[in-house]
Amino acid sequence: MTTTTPDTRKQTSDDASSSRVYKLGAVGGDWLDQRLSGGGFVKFIARKIFPDHWSFMFGEVALYSFVILLISGTFLTMFFDPSMEEVVYNGPYVPLQGEHVSRAFESTLQISFEVKGGLLFRQMHHWSALVFMVAIFVHMFRVFFTGAFRKPRELNWIVGFTLMVLGMVAGFSGYSLPDDVLSGNGLRVIDGLMKSIPIIGTYLSMLLFGGEFPGTDIIPRLFTVHILLVPAMILGLIAIHLVLLVLHKHTQYPGPGRTERNVVGFPVFPVYAAKAGGFFFLVFGVITLISATTAINGVWVYGPYDPSPVSAGSQPDWYMLWTDGGLRLIPGWEFTIFGYVISLNMLIPMGIYGALLGSLALYPFIESWVTGDDREHHLLDLPYNAPVRTGLGVSWISVYLILALAATNDIIAIGLHLSINDLTWAFRIGIFVVPVLVFFITKRICLSLQRQARQKALHGSETSRVVRTESGKMLEIHEPLDEFDRWVLVQHDDYRPLQAGKGVSSLRAKATSFFFKDRIEPVSPAELREAFEHYAHEKHEIDSATGGDYRTPAETAHHAG
Amino acid sequence: MKALAARRHHPMALLVILLLALVATGGLYVAFQPQTAQAESYTQDDVDAGEALFLANCATCHGRNAEGLQDADGSALGPSLIGVGAAAVDFQVGTGRMPMENSGAQAWRKPPQMNDEQTRQLAAYVASLGPGPAVPDEEYLDTSKGDATKGGEIFRINCAMCHNAAGAGGALTRGKFAPPVIGVDPKHVYEAMDTGPQNMPVFNENNLSPEDKRDVITYLDALEENGSPGGISLGSVGPVTEGLYAWTIILSLLLGCAVWLGAKAK
Chain A
1 MTTTTPDTRK QTSDDASSSR VYKLGAVGGD WLDQRLSGGG FVKFIARKIF PDHWSFMFGE
61 VALYSFVILL ISGTFLTMFF DPSMEEVVYN GPYVPLQGEH VSRAFESTLQ ISFEVKGGLL
121 FRQMHHWSAL VFMVAIFVHM FRVFFTGAFR KPRELNWIVG FTLMVLGMVA GFSGYSLPDD
181 VLSGNGLRVI DGLMKSIPII GTYLSMLLFG GEFPGTDIIP RLFTVHILLV PAMILGLIAI
241 HLVLLVLHKH TQYPGPGRTE RNVVGFPVFP VYAAKAGGFF FLVFGVITLI SATTAINGVW
301 VYGPYDPSPV SAGSQPDWYM LWTDGGLRLI PGWEFTIFGY VISLNMLIPM GIYGALLGSL
361 ALYPFIESWV TGDDREHHLL DLPYNAPVRT GLGVSWISVY LILALAATND IIAIGLHLSI
421 NDLTWAFRIG IFVVPVLVFF ITKRICLSLQ RQARQKALHG SETSRVVRTE SGKMLEIHEP
481 LDEFDRWVLV QHDDYRPLQA GKGVSSLRAK ATSFFFKDRI EPVSPAELRE AFEHYAHEKH
541 EIDSATGGDY RTPAETAHHA G
Chain B
1 MKALAARRHH PMALLVILLL ALVATGGLYV AFQPQTAQAE SYTQDDVDAG EALFLANCAT
61 CHGRNAEGLQ DADGSALGPS LIGVGAAAVD FQVGTGRMPM ENSGAQAWRK PPQMNDEQTR
121 QLAAYVASLG PGPAVPDEEY LDTSKGDATK GGEIFRINCA MCHNAAGAGG ALTRGKFAPP
181 VIGVDPKHVY EAMDTGPQNM PVFNENNLSP EDKRDVITYL DALEENGSPG GISLGSVGPV
241 TEGLYAWTII LSLLLGCAVW LGAKAK
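Residue numbers (the working numbering), protein chains in the order written: chain A, 1 to 561; chain B, 1 to 266.
FYI, nobody ran anything at the bench for these hints, they're computed from the structure. One or more of the hints may lead you astray.
[Unchecked claim] Output of the computed footprint for chain B on chain A, the stretches with three or more beta carbons under 8 Å from beta carbons of chain B:
#, segment
1, 411–419
2, 480–488
[Said to hold, decoys possible] Straight-line Cα separation of at most 35 Å, DSBU-like style, residue types lysine-lysine; simulated pairs:
#, chain 1, residue 1, chain 2, residue 2
3, A, K116, B, K145
4, A, K456, A, K151
5, B, K176, A, K195
For every residue, glycine included, the Cβ atom is placed at its ideal position computed from N, Cα and C.
Whole structure, please, built from the sequences with the hints as guidance.
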């Protein structure tokens, strides 16, 4: 569309009333290209090929939710006043009239009840924040379980991980701004976590809050963090994330014609330009629909922040739940040394959170150290072909989930009529037992799926039909796979455990044994040849038994068609 | 010696002082003792009918004379009802919690088993056993006279920690719970504060005056009236159900869109 041709330029300058018709886009693009010389770049992007699969679209959902966050957030800043100055509420919400509240809280109520469309924008901002984090997690799961983090994409994994952490910071700082009881409770937890750090904790807390908690500084400070610092960092990292995506090219699922050296799919222009544009409006539509119909964070019910009350059902937004769960599970352990109280009930959970996040961030490097694999990977793994990785991933999710569920123990207790004490104990035991159990279960399921894939590749699909020959021999009729389907089942990498010695440390030998000890032998060409011969032989026998007119359903369909 | 003797008290002085002190204490107590909000008048017939109902429905656990019963292990089957007052009966029986559906951590609300008249008779009988909080006067249930803002403050500080800021209820230890308080008859809310049923602490008239209680009722009424301006309330239990909604309903919608767009290419 935006190609430049020298003679076009000549003619437009020579004779404006030429009888030739020019496309507006061509002329406009040409005008721009003469000044920006970006034509080559536009062409490069427009012809960029991306593979098509629904599971590749969650990163996009995160991106679009972020755009909605920016739009709705900009609207909110025009009416929100990040001040902790005390005022008397005199707005239309009757049950708070005459109450002493902060300006931040008052302006949040003004947005909710007085600004036209204010409540819708508030709800859109909050819902899209939840969706942003949901999409990031689903996207991360997809990348993890398909091994898309492998070389050359390890750094992009780190960028994505950092975006997830920044998303948590953005969410938490935003959740704290309205200065309601729930947000103040959240800040109190942060205050407690900081104060539990030995020696410097109190100083840190005083530094953040500008004196004793809660003080009058925290909301203006969080406001700057929330609307300037964190969004700028997120934007910058998103840019890096996307540049790296273009640089590395997108990964693709294994399939016929797809190799480590190509990308099979559609060009950005016109296919993805239309699809992505459409998808943005779909995401926008879904979030608007939800925000117009479903309430979120009714701060007027929680009331203005006051350090004394804590309501039942006080929880942070979902992506911070796991950080609350550890605090609810840990017994109240602490001891005193040289007059300093060491709050193990805070320090141990913080250590666990650090380990959980750290293992997530470093996993690509751990795995590449174990496999010693230095090749580039652009073809994705099917999750069952990497049983230990998949098992570890599910195990990680189970820890995360148990922590998140533990943070909701009171809601679960009342919802299911259970004892909160029993639930807490179930989670305390579960957090040690469940990850190990689900690891082995997942790994076994993956290995079984591999066996099944192997059988299918060699012998084809079962048709549930059996033929008995005159001599009484039973023959099962299989329907062979076509080459394309078979390819997907036999193309994966095969790793074996290493022996210690010859430059392999015993630690790495043990690690490779952990990862690859249980493996299903991949289908070898010799086996496949043998299977074909066996099939031909069996087919002959079946033909002679059935008078030669038996056809498999696929064959019947083929001949009929 | 003379100086000391002059200051010596009469041997009876101590007794006189003691008597004066007792009279003063008693007088002050009478003057400032918790005032029952209202004292409904019950006839002897009410009391007799109530006793018959009590023997038929309540005595199994509370004892024939409402003195309370213990099982063989010494744990209480039913507490003594002497001095719990008419308000306690009106709450427990009027909300269907008593007679209790089944034993457990806490009695559940259910459709009342006794009608209003029977409830009144039972209340009359229990009130006759010893003085206790009475059924509140209409005046203290009239939300048009209450102050919702003050009630809201009292509610957030004293009640929300168990009943949830939106009055949606919450969990307590070992399977016990604070029930929802939205949509509850103001009379029962008042009586619950006054008598502290089940695991609830008593907010007697020294803690929360009848006017304060009316303010709380007014606030709950205002909360209920206000509803959920933002749309579906998701049970008003805060971020947990919101997160669940994001992971289920919204994610399914987005997943549907993604699969739809992904499928179109084929």
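Hint-by-hint comparison with the structure:
Check on the segment 411–419 of chain A: 6 of its residues sit with their Cβ under 8 Å from a Cβ of chain B, so the three-residue criterion for coverage holds. Closer than 8 Å: that is the beta-carbon criterion, and the segment 480–488 of chain A has 0 residues meeting it against chain B, so the requirement of 3 is violated. A threshold of 35 Å between alpha carbons decides the hint, and for K116(A) with K145(B) the separation of about 32 Å falls inside it, so the pair holds. Between K456(A) and K151(A), the direct Cα distance comes to roughly 31 Å. Compliance with the 35 Å bound is thereby established for this hinted pair.
Between the alpha carbons of K176(B) and K195(A) the distance comes to roughly 33 Å, so the proposed pair stays at or under 35 Å and holds.
Comparing the model with each numbered hint stated earlier shows that hint 2 is the single one that does not hold.
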